[in-house]
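Residue strings, one per chain:
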Amino acid sequence: MSARAIHILVLAAYMTVLVAIGVAATRRTRTADEFHLGGRGIGAWVTALSYVAAYFSSVVIIGGGGFAYRYGMATLWIGAANVLIGGTLIWIVLGRRVRLFTERLSTMTVPGFLAERFRAPEARVLGSIVIGLFLIIYNVSILKGMGNAFEVLLGMPYIVGVLVSGVVILLYVSLGGYLAVVWTGFFQAWVMGAGLILLTVAALRAVGGLSAANLALAQASPGLVETPGAWGWAGLVSYALITSFGVWGMPQMVARFYSIKSVNALRIGTVLATVGCSMAVLPYLDGAIARVLVPGLSNPDQAIPALTRAVLSPWGSAIFLAGVMAAGMSTFSAVLIITSSAIVRDLVQDGLGRRLDERTSIRASRFASVVVGLVSVAIAIKPPALVLVLMGFSWAVIASTCLWPIVFGIYWKRATRWGVLASMGGGLAASLVWMVIGSPFGLHGFVAGIVVSLVSLVVVSLLTPRLPDDHVARVWGERRG
Amino acid sequence: MGPFNTPWETFAAWIVVGASVLISLVWAVFFVRDRGPQ
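Those protein sequence lines, which keep their order, are chains A and B. Heads up: the first sequence begins at 1 in my numbering, then just goes up one per residue. Heads up: the second sequence begins at 1001 in my numbering, then just goes up one per residue.
Please note that a few of the clues may not be correct.
Now the in silico label distances, taken between C-beta atoms and shown as ranges [claimed, not checked]:
{"id": "1", "chain 1": "A", "residue 1": "S211", "chain 2": "B", "residue 2": "V1026", "range": "41 to 51 Å"}
{"id": "2", "chain 1": "A", "residue 1": "R354", "chain 2": "B", "residue 2": "F1030", "range": "39 to 49 Å"}
{"id": "3", "chain 1": "A", "residue 1": "A5", "chain 2": "B", "residue 2": "V1026", "range": "43 to 53 Å"}
{"id": "4", "chain 1": "B", "residue 1": "P1003", "chain 2": "A", "residue 2": "V201", "range": "11 to 21 Å"}
{"id": "5", "chain 1": "A", "residue 1": "L374", "chain 2": "B", "residue 2": "F1030", "range": "39 to 49 Å"}
{"id": "6", "chain 1": "B", "residue 1": "G1002", "chain 2": "A", "residue 2": "T26", "range": "14 to 24 Å"}
{"id": "7", "chain 1": "B", "residue 1": "I1015", "chain 2": "A", "residue 2": "G208", "range": "16 to 26 Å"}
{"id": "8", "chain 1": "A", "residue 1": "G477", "chain 2": "B", "residue 2": "F1030", "range": "34 to 44 Å"}
{"id": "9", "chain 1": "A", "residue 1": "V93", "chain 2": "B", "residue 2": "R1033", "range": "10 to 20 Å"}
The hints are simulated quantities; they were obtained by calculation from the structure and are not laboratory data. Just so it is clear, CB atoms sit at the ideal spot from N, CA and C, and this is done for glycine as well.
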């Protein structure tokens, strides 16, 4: 059997499993609550591993490997920050309170939580517009990553990768909603892990082990094993921050805490998510090893595909390709369901006050997810900018807008309506302006965004009237009188 | 120079990954169960 036939066979089998999960999930999706959040009944294993799958897209695998090819082992710090801040600490700091607070407030989305927590309907509208708009941009970058992966790993046209993955995702998300997203995410996390471990073991064997890889890199240039290396502190730290701390403000990640079946499920979920997120270091390790095994590439984004061709058998590379597709598709589907929720629940139903019955609400949600998906696919066919720039851009804007309002919303009783609105507006404006003026000092717009957002929230909250005591007590679950 | 011919400031990234798993395990052990309806 030819290598190409093996690749297509493995991919077809993988995508069939995804559609089968989507069809199975349809039977358990009868209400709008189930479509958007799986009825808040998702177990620890599925929540944790679908979290991992939603976190890392194919852009991280291909682009992260490219960074490591260019800058060396210092990029391992990005993976390490992802594990500690984006895998462990977020579960510990946000998990319990987000689960409890959102249940008390009966909210299903991040904009909905901000509106109810701060009695600020404007936060719902602003949040849902920012999430709807910039998550579509993020969707485009994910699709573009998958199109590129198809092109370089399978030798098939870019547009085929975009269309095949886009259509399969649209099918299972519109059918099975959130349940399909988390169950396919659970399956896809295993596929991603298998692909990355396979490539890493083969790459380490080919290079003669980690010591030999480091020695060869140091001989090529000492900066390739040192920290911060050629990238410098500003670039390395701000990129590590946006991809790890930024997750704290991303609705498709925080939604996992809304939907977990109980607070107690967070106990095992935190360990599983941390172990799963540990795979984040592998693309960086593989990219650095690629610098030794396949030197002289003009485009660093070719590092992982070139390494795959060099060290894996056709069956191995087929599994790795499925892993790359799994990374992209799981992230895309997680983002798609959140964007659909933002539009249908927050903008149409709660923002514009259009009351929809259960059946109409589910139909509208399915329709919205199809429309958002098709728009993303259409833009991705002729995409506007570089993958990583686009991804960092959209992440930075959403995280700068939502991160501190979420954190302060569950930890600081004194935070006020005007404080949170100033924080959202300030973070949004600062991150956009910072990027437009060319990211001065080599700092990412996310850094400027969260600093302005933090200062605005604290200062304006202290200068404006407190929220009523009985409202705060209800949010905190305290008995009064 | 740290293990595997890695400078310590780079090898520390691996230590952070290991420490994260350890932190999550310690947190799980000392996790205070919610006594509300589950």
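Hint check results:
1. A:S211 / B:V1026: 41 to 51 Å: This hint is violated: roughly 31 Å between Cβ atoms.
2. A:R354 / B:F1030: 39 to 49 Å: At roughly 47 Å between Cβ atoms, F1030 (chain B) and R354 (chain A) fall inside 39 to 49 Å, so the hint holds.
3. A:A5 / B:V1026: 43 to 53 Å: holds (49 Å)
4. B:P1003 / A:V201: 11 to 21 Å: holds (19 Å)
5. A:L374 / B:F1030: 39 to 49 Å: Once the Cβ atoms are compared, 48 Å apart, the range 39 to 49 Å for F1030 (chain B) and L374 (chain A) holds.
6. B:G1002 / A:T26: 14 to 24 Å: violated (52 Å)
7. B:I1015 / A:G208: 16 to 26 Å: holds (23 Å)
8. A:G477 / B:F1030: 34 to 44 Å: For F1030 (chain B) against G477 (chain A), whose Cβ atoms are near 22 Å apart, the range 34 to 44 Å is violated.
9. A:V93 / B:R1033: 10 to 20 Å: The hinted range 10 to 20 Å holds for V93 (chain A) and R1033 (chain B), with Cβ atoms some 18 Å apart.
Consistency with the previously given hints fails for numbers 1, 6, 8, ordered from lowest to highest.
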